[in-house]
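K.L.:
Here the protein sequences come in this chain order: S and P.
For the first sequence, our numbering begins at 1 and goes up steadily by one.
For the second sequence, our numbering begins at 1 and goes up steadily by one.
By construction, these hints were calculated from the structure, which means they are not laboratory data.
Just so it is clear, the structure is predicted and the values come from calculations on it, not from any experiment.
A hint or two may mislead.
Stated by the list, open to error - Cut-off 35 Å, straight-line C-alpha distance, at most; resulting in silico cross-link-like pairs (DSBU-like, lysine-lysine):
| # | chain 1 | residue 1 | chain 2 | residue 2 |
| --- | --- | --- | --- | --- |
| 1 | S | Lys-50 | P | Lys-298 |
| 2 | S | Lys-147 | P | Lys-33 |
| 3 | P | Lys-82 | S | Lys-100 |
| 4 | P | Lys-115 | P | Lys-389 |
| 5 | S | Lys-147 | P | Lys-17 |
| 6 | P | Lys-298 | S | Lys-72 |
| 7 | P | Lys-305 | S | Lys-100 |
| 8 | S | Lys-50 | P | Lys-458 |
| 9 | P | Lys-82 | P | Lys-17 |
| 10 | S | Lys-147 | P | Lys-250 |
| 11 | P | Lys-305 | P | Lys-458 |
| 12 | P | Lys-73 | S | Lys-147 |
| 13 | S | Lys-112 | P | Lys-33 |
| 14 | S | Lys-72 | P | Lys-73 |
| 15 | P | Lys-161 | P | Lys-33 |
| 16 | S | Lys-100 | P | Lys-161 |
| 17 | P | Lys-305 | P | Lys-17 |
| 18 | P | Lys-161 | P | Lys-100 |
| 19 | P | Lys-521 | S | Lys-72 |
| 20 | P | Lys-82 | P | Lys-115 |
Said to hold, decoys possible - Not everything, but these chain S residues come out facing chain P in the computed CB check (under 8 Å):
| # | residue |
| --- | --- |
| 21 | His-31 |
| 22 | Ala-32 |
| 23 | Asn-43 |
| 24 | Pro-46 |
| 25 | Tyr-66 |
| 26 | Phe-69 |
| 27 | Ala-89 |
| 28 | Val-121 |
| 29 | Tyr-122 |
| 30 | Asn-137 |
Cβ coordinates follow ideal geometry from the N, Cα and C atoms, glycine included.
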Amino acid sequence: MTATNEQGLQQIATIIEQNQTLPGAMLPILHAIQNDLSFIPSNALPLIAKALNVSKAEVHGVISFYHHFRTKEPGTHVIEICRGESCQAMGSRALEENIKQSLSIDYHQTSKDRQYTLEPVYCLGNCACSPAIRIGNDIHGELDQQKFEQILASLNTYSLELT
Amino acid sequence: MNHSPSDNSSMPLASRKIFVSLDTTARSRGSDKVAIQVKNILNSQPELAATLVRNGSRGMFWLEPLLEINTPKGRVAYGPVKPEDINDIINLQCFDDAVKHPLCLGLTEELPWFKSQQRLTFARVGIIDPIDIDDYINHGGFVGLSNAFAKTAQQLVDEVKESGLRGRGGAAFPTGIKWQTVLNEPEQQKYIVCNADEGDSGTFADRMLMEGDPLVLVEGMIIAGLSVGADQGYIYLRSEYPQAHDILNKAISNAKAAGYLGNNICGTEHSFHLEVRLGAGAYICGEETSLLESLEGKRGLVRAKPPLPAIEGLFGQPTVVNNVISLASVPYILSHGGASYRDFGMGRSRGTLPIQLAGNIAQGGLVELAFGISLNELLQQYGNGCKSKRAMRSVQVGGPLGAYLPADQWDTALDYEEFASIGAVLGHGGIVVFDDTVDMAAQARFAMEFCEVESCGKCTPCRIGAVRGVEVIDKIISNESDEKQRQDSVNLLHDLCDTMEFGSLCAMGGMTPFPVRSALKYFPDDFLPQPLTEKAQ
């Protein structure tokens, strides 16, 4: 696990304060921290534990149970490849191998230039247009290697936003 | 065409609308770029005086991005459109009639794929602005709720029982009986929990509904609250659905502002509060007790039953846990009557099922129909065969824990009992199609691998069984095993499947044997040792 600096700790303290009275506050707090800091730092654990009156081990147990939570800073872009059956029916097994090779990383790893982190995901609900991947909050379907490379190129040039 | 003098053959300016979907799948096919282009044109040509509506999707995903323009005859569809097509479609005439264009499909609701459906739960999806309360009301929204205010809790539960509605999440437990159990508990803090952790591959009905008509879910949850005496609801949404998350939150906030949520809703003595909570990528949290643990802020470990969640659920209180589609079907039942809903369907499967066509299918999307249609009709008439144009070989119905079915089983009717009778499940209505390049041994191995990754770890048959399952399948398909070793491994796999099926605490371990055994039973040749080169093809 990686720690965060003073500023990060300040953000965490604010998040905890805003959420700790919610019934079942643990997941909302963890989500908010990961949203703001991109991961859950090791020095957040004692703060969460104290606020929710549970042990550090319990906080760790929750974080490690859920695939979504991460304890190390990811690359700039987190790429999640769907491994569901629907995507397999449309060639995702070959696609995931190609993507791993083209980024030279395996699942749960970050590229050396810290640009990309690769994660498996089990279904993005885009099953009528398989295979699918998610980058940030964008879901891309009917993917092949060529389309993947185009998306990768566009990530580094501009971002499209609808106002 | 005949126009009587009273015919209004051109659209009043105020109702000139252009629709482009904001559904996740539509966006994955480029609907945002189309919407930007439409906006640009509307801004640069103010004489068009039209508004852009971002609606849900009609569910014909091969036609997305679908551009719809309302005319006096109805909405005219164009698709699939690219931003560069828009200029040729949008002009002053397009609001009067269909524009001659190669992508013009005619009236959306006359498209055979759409017209033949029986959309009760999805009646408004792809039609209204998902977060606009007035639009929702103008299309029949909140009629069920206002009827509900006039009934007692027991009358509401009776109406749902009358409808024959069974849990659409997959377990198919009668919703009315579940509600009765919660209603029967003494007055105390009770909860309505919506299970929106739609984790099964090949399913997206919940997502489409939450993105296209979230208010029907809100309405269904309020009615559930009135029915059992609960004033707090939670929607447990999977984190893989960022778009649904955003839309749900906006819809809830609008419903609050309009007085449908909060204290004394609609000026009555009733209160109902609703909140969305995000899951965190654990498939097992779709299991209701694991979901409740997760909502409480814990690891999603499955609880032993009894006690039932209806008696000791969230924070130990009586709790209704229902799937998105179950709850979203309730407003129809209250507005049209339980008997009207029950009149659809066959046998003990009443009402409609939103069926999702996925995987290797030419026309993938959402088909809502009464129970009773055969798989074959769905795969051919609606799905139009494989997307790869190859022969269809296997379909998996009901998600990763559902059986793989070969062609000779495709005459089975979509009905809970019919499916159970062939050792399969209907689940959440997802159908994943595979063509003849599929390696069914690899699919069987994946089922075990998936169980290994997603098991909560509480019970041994699932936690250890899945690991051993992968190993034993590897031994079966290995070229190094001789025939006796192979046969021993097959026997061992059956033995292991028995242990998982009968010894697991929940459906995760208990149903993983379904895809494994069906693959082995119907596609035994795929498990024979094959030359490496052939297998790789």
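K.L.:
All hints, please: hold or fail.
P.N.:
Status of the hints after comparison with the structure:
1. S:Lys-50 - P:Lys-298: 16 Å, holds
2. S:Lys-147 - P:Lys-33: Between Lys-147 of chain S and Lys-33 of chain P the Cα gap is close to 16 Å, so the pair holds against 35 Å.
3. P:Lys-82 - S:Lys-100: Within the cut-off at roughly 31 Å; holds.
4. P:Lys-115 - P:Lys-389: 25 Å, holds
5. S:Lys-147 - P:Lys-17: Given that 35 Å is the threshold and the Cα spacing comes to 33 Å, the pair holds.
6. P:Lys-298 - S:Lys-72: Status holds; Cα separation ~21 Å.
7. P:Lys-305 - S:Lys-100: Answer violated: Lys-305 of chain P to Lys-100 of chain S is near 42 Å, above 35 Å.
8. S:Lys-50 - P:Lys-458: 27 Å, holds
9. P:Lys-82 - P:Lys-17: 19 Å, holds
10. S:Lys-147 - P:Lys-250: Within the cut-off at roughly 32 Å; holds.
11. P:Lys-305 - P:Lys-458: 14 Å, holds
12. P:Lys-73 - S:Lys-147: Violated. Lys-73 of chain P to Lys-147 of chain S sits at ~39 Å, over the 35 Å cutoff.
13. S:Lys-112 - P:Lys-33: Given that 35 Å is the threshold and the Cα spacing comes to 33 Å, the pair holds.
14. S:Lys-72 - P:Lys-73: Not OK: Lys-72 of chain S and Lys-73 of chain P at ~57 Å, beyond 35 Å, violated.
15. P:Lys-161 - P:Lys-33: 46 Å, violated
16. S:Lys-100 - P:Lys-161: 52 Å, violated
17. P:Lys-305 - P:Lys-17: Outside the cut-off at roughly 52 Å; violated.
18. P:Lys-161 - P:Lys-100: 50 Å, violated
19. P:Lys-521 - S:Lys-72: 44 Å, violated
20. P:Lys-82 - P:Lys-115: 25 Å, holds
21. His-31: 6 Å, holds
22. Ala-32: 10 Å, violated
23. Asn-43: 20 Å, violated
24. Pro-46: 17 Å, violated
25. Tyr-66: 4 Å, holds
26. Phe-69: 6 Å, holds
27. Ala-89: Holds, because the Cβ-Cβ distance from Ala-89 of chain S to chain P comes to roughly 4 Å (cut-off 8 Å).
28. Val-121: 6 Å, holds
29. Tyr-122: 6 Å, holds
30. Asn-137: 4 Å, holds
Checked against the numbered hints above, the structure breaks hints 7, 12, 14, 15, 16, 17, 18, 19, 22, 23, 24 and satisfies the rest.
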